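Spelled out from the first residue to the last, the chains are:
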Amino acid sequence: MKKLFALAAAAATIATSMPAAAADIVFTSWGGTTQDAQKITWAEKFTEKTGINVLQDGPTDYGKLKAMVEAGAVTWDVVDVEGDYAAQAGKNGLLEKLDFSVIDKSKLDPRFVTDYSVGSFYYSFVIGCNKDAVDGCPKTWADLFDTEKFPGKRAFYKWSAPGVIEAALLADGVPADQLYPLDLDRAFKKLDTIKQDIIWWSGGAQSQQLLASAEAPYGSLWNGRMTALAESGINVETSWEQNITAADSLVVPKGAKNKEAAMQFIALATSAEAQADLAKATGYAPINLDSPKLMDAELAKTLPDAQTANQVNADMNYWAEHRDAIGERWYAWQTE
Amino acid sequence: MVAQTETESAKHYAPVRARRPTDFDLTLPALGLLALFFVLPVAMLLTRSVTEPVPGLGNYAELMGSSTYLRVFANTFMVSGLVTFVSLLIGFPVAWALAIMPSRLASVVFAILLLSMWTNLLARTYAWMVLLQRTGVINKMLIGVGLVDKPLPLVNNLTGVTIGMTYIMLPFIILPLYGVIRKIDPAILQAAALCGANRWQSLVLVLLPLAMPGMAAGALMVFVMSLGYFVTPALLGGTANMMLAELIAQFVQSLVNWGMGGAAALVLLVVTLALYAVQLRFFGTDRLGGS
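Protein chains in written order, with our numbering: chain A, 9 to 344; chain B, 7 to 297.
Just chain B, same shape as in the assembly (with noise of 0.2 angstroms):
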């Protein structure tokens, strides 16, 4: 009987046709692939974090009771900030212009931006090595106005690294503010110079409040992007300035220690997530590319 119901509602609902695939079963290849060779891999050295060289939380301890590490976390964690805090300042002001400039001129400051973006790392990791150095263009260009009468040690320290880093970060601080101040009706500004606002005012009273979201949220993306960074800072920084992921590859690599490895990896993960967590919770998703 039932049987019957459901082959009479099909004729009235011809074509007959499989479910149709929604866009969770679409990503499922791919997600299949992650699983596979992204998150089972990830999953097997975290393992080895409690069962190597013998089971328990041994690596743990020593991760947190040794000042080594505690100060490579902590510097990991200081040169994010900076990172983050460079990029907002040199950002706005970027996202600021985009929005207000002619919609012509915009598009080619977006190209340099994406452009850049599309450039490959390891390159441009480079190309500021070449500019920075003791005998680079810029050493040679302060010099040569009489700034300074010697070279400037412009990398192999934090310095290299935190213009490295920064200079990759720009667009991703600079898309989702430029999206935040854009739908800013300018009316409010001229309503705040109408009641009397200066300049300065208005930006701080009004237009840094409004782009608030926006500098959250690309501010965060930085923040946690900075965390697990390893080209920049292992080719422009020096050996005091070791970040978390240098750590780690040097545990598995170098020291053939992945049961320490895995520690440091997990607590990198940890925190990660934890900041993501909290970027969904207040920024959602629908902010982070720009939109």
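Chain A with its partners taken away, still in its complex shape (with noise of 0.2 angstroms):
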């Protein structure tokens, strides 16, 4: 009898869960330090305000949302997504078109909005430099790309993304204002000049750990990881000069479940408020151009967003367009 009391307990709960759960809404993006900040500033006030539970999913993998979007089986609702995949993916039907009578873009800064895709976050690749390790740090994109001047490995991001063909491009003398259309032969003739003194790092975590242990004691690093290596107490440099902007963006895949709560979480994760909480915990800038305001000024200092005099911007809507081409380039080159 004590059995069947328990069993019919259990059954009373999931079905009185079942309302709770179909309304929970899913949030991937890429794990670490980034993703816990991204719960804590977006996803708790979010569940807080409406009630709405936001379970967390990650890594973020384009090979997932295509399987997902293809079977019409898409369990994620909010996907944090590299700003070149977001204007790809847009065009190619993978999701769905953003509803701007709840998130209000008239304060994003429109380098970060499409009709499918906001920005999450921006960062800036600038160069890191672990000054225990080495004599000078260099300061430019040309001292990086100097071996002589700057001897020993240098990290850089591994996988085809805006960054380090600007970086190279930049390096050998293209003016900031002339990099697009990239001129890979250029980009990839520089690049070989270092290809032996290059490790390359695949996420933000190993990033922070060549440049600590000085397996590569400079590099290309996200700005956010250079601000938590300082923090650590490491005694990093890190040059601005014309730092590379790129940026995250929040999509919604095609057939998403929950989509106008979907649409909800990211009117909140791009107000003003979430996106200058989300800058205090990770050191990238918001896309919100508001948010600046309510943060501390020293604090404000340290984004991106203070450097904007020396800064390059990755062209999204180019990589968008060229992404595939330089990507097959791009590895193939890796290899040789």
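Honestly, the hints are just simulated from the structure, not real lab data.
All of these numbers come straight from a predicted model, not from anything done at the bench.
Hints may be right or wrong, so weigh each one.
The calculated DSSO-like cross-link candidates involving lysine-lysine, where the alpha carbons are at most 30 angstroms apart (straight line), are [what the hints assert, rightly or not]: (1) Lys-156/B with Lys-139/A; (2) Lys-157/A with Lys-146/B; (3) Lys-113/A with Lys-309/A; (4) Lys-115/A with Lys-105/A; (5) Lys-156/B with Lys-147/A; (6) Lys-301/A with Lys-53/A; (7) Lys-161/A with Lys-156/B; (8) Lys-203/A with Lys-156/B.
With the hints in hand, could you dock these two chains into one complex?
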């Protein structure tokens, strides 16, 4: 009898929890400290406000996203993706159009807004250096590509994405305003000159580990990772000279089950306050133009926002259009 | 009439039971699961290799016609071969020592071997990263004793991959070898010595030929396992040592080009199955478990 009661209770619990479960949304990002911060500054606030639970999943996987959309079994509602991917996937019909009656785009940095995506946060590729490990630190991309003045290994982002090719062209003397269309031949020729001295990092944590251990005493890193390294007490220097910006974007996969809640989530995540909170927690820059006002002036100084004078914007639309072609060439070159 | 006989005989052989499930029947649920969650998805990916982006063998032509991809194939075989060779080189003396050492000591060594096998692959790979890096334990020691004056590049290259993979593969070569060597009658080695063979001759002319089946079985298994390795090369290797599994992951996840991903996967599958067939044909399955 007792058993029967327990069973009935269990069934009742399941039954009552069903409607709640159906309203949960799933947020997918890249894991690590960034997603932890997104959880605290966005998801928990969202649940407080709307009562909708936000389940965390990750890491973001474009293959998985495509498989879900094609199979009509989309379990992700909001996904944090790279900006160039967002622009491409929107064109390829993998994403829902965003509902800008729910999301207020008037305050969002227009560089990172498309019909299918809004910025999640933005970051800069900067020149990082472990001061304890070397005599001098490279200040410019040209320095970072100069193995005579700066011998030893240097760390670069492994995947085909905006950042490294731009850096190579800038190092070779291409003016920032003439980067696009990218001269790939010239970029790879420049990259060839330091190929033997590159260690590729495939994730943020690895880039920090390489720099901190001086396996690669310098390299091109995400600015937020440099901030975190400095905070952890490692003697590092960051050069913002021609820092190259790229953004992550928030998207809703086509056929997402909780579209409306997903739009509300994005609306909150891109609000001035949520963006300011995330920037505080990660060292990445807010994409809401009102956010810097809400932030401590000292902190605001350390963000890519404060470095616009010398900033180079990676062209997400160019990348979206040529993502596949560049990618194939990139990976072929890497294995050579 | 027939029914009658059956009841009759049933009476004789009581208690009546349904046919006893054979071993094969017992594996059916597991096979069903495998078919549903492994064979079917793999088949679907492989199908894409001839349907995406357009029907035909275009993906295979691209795969075979590109020097980049051929280099990845060649590299996969080269790394697997190297790992197999080094594993044999280290594994043989260990297996031999295990076979002749006192059983109490041998069980300790076995425990160490198995413990390392049961430890998480990622944890072991990261451990190597920490040991091998420029400022890692090994380089610090080498510099400390004055053997080298600047750190050796031991990771993010072929050296790192070979060390990391050999370490993981060693048990798979030691166990079958141990099984074979232990069965060799020590009297045969004594006989060799009595006939005037020195130690080297007894090793090369007597012990090695007798251990050959175990060596071949272990080597083939390590080679086949190495072909599909992903985590260790990805973490300890550089991009110039890319292996086939990494290429497939890149097609599927990063380039989202499933046609090419499927084609590369099929090539890997065919090579692996062919080698596995060789293994079955010459060594059977009973030698694989180190029995």
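Hint-by-hint comparison with the structure:
1. Using a Cα cut-off of 30 angstroms, the hinted pair Lys-156/B and Lys-139/A holds, with the two alpha carbons roughly 19 angstroms apart.
2. Restraint check: the Cα-Cα separation between Lys-157/A and Lys-146/B comes to about 25 angstroms, which is no more than 30 angstroms; the hinted pair holds.
3. Simply put, Lys-113/A and Lys-309/A have alpha-carbon atoms about 25 angstroms apart, close enough for the 30 angstroms limit, and the pair holds.
4. At roughly 19 angstroms between alpha-carbon atoms, Lys-115/A and Lys-105/A fall within 30 angstroms of each other, so this suggested pair holds.
5. The straight-line distance between the Cα atoms of Lys-156/B and Lys-147/A is roughly 25 angstroms, inside the 30 angstroms bound, and the hint therefore holds.
6. With a C-alpha separation of about 20 angstroms, the suggested pairing of Lys-301/A with Lys-53/A holds against the 30 angstroms cut-off.
7. A threshold of 30 angstroms between alpha carbons decides the hint, and for Lys-161/A with Lys-156/B the separation of about 13 angstroms falls inside it, so the pair holds.
8. Simply put, Lys-203/A and Lys-156/B have alpha-carbon atoms about 20 angstroms apart, close enough for the 30 angstroms limit, and the pair holds.
Hint check: no violations occur; every hint is consistent with the structure.
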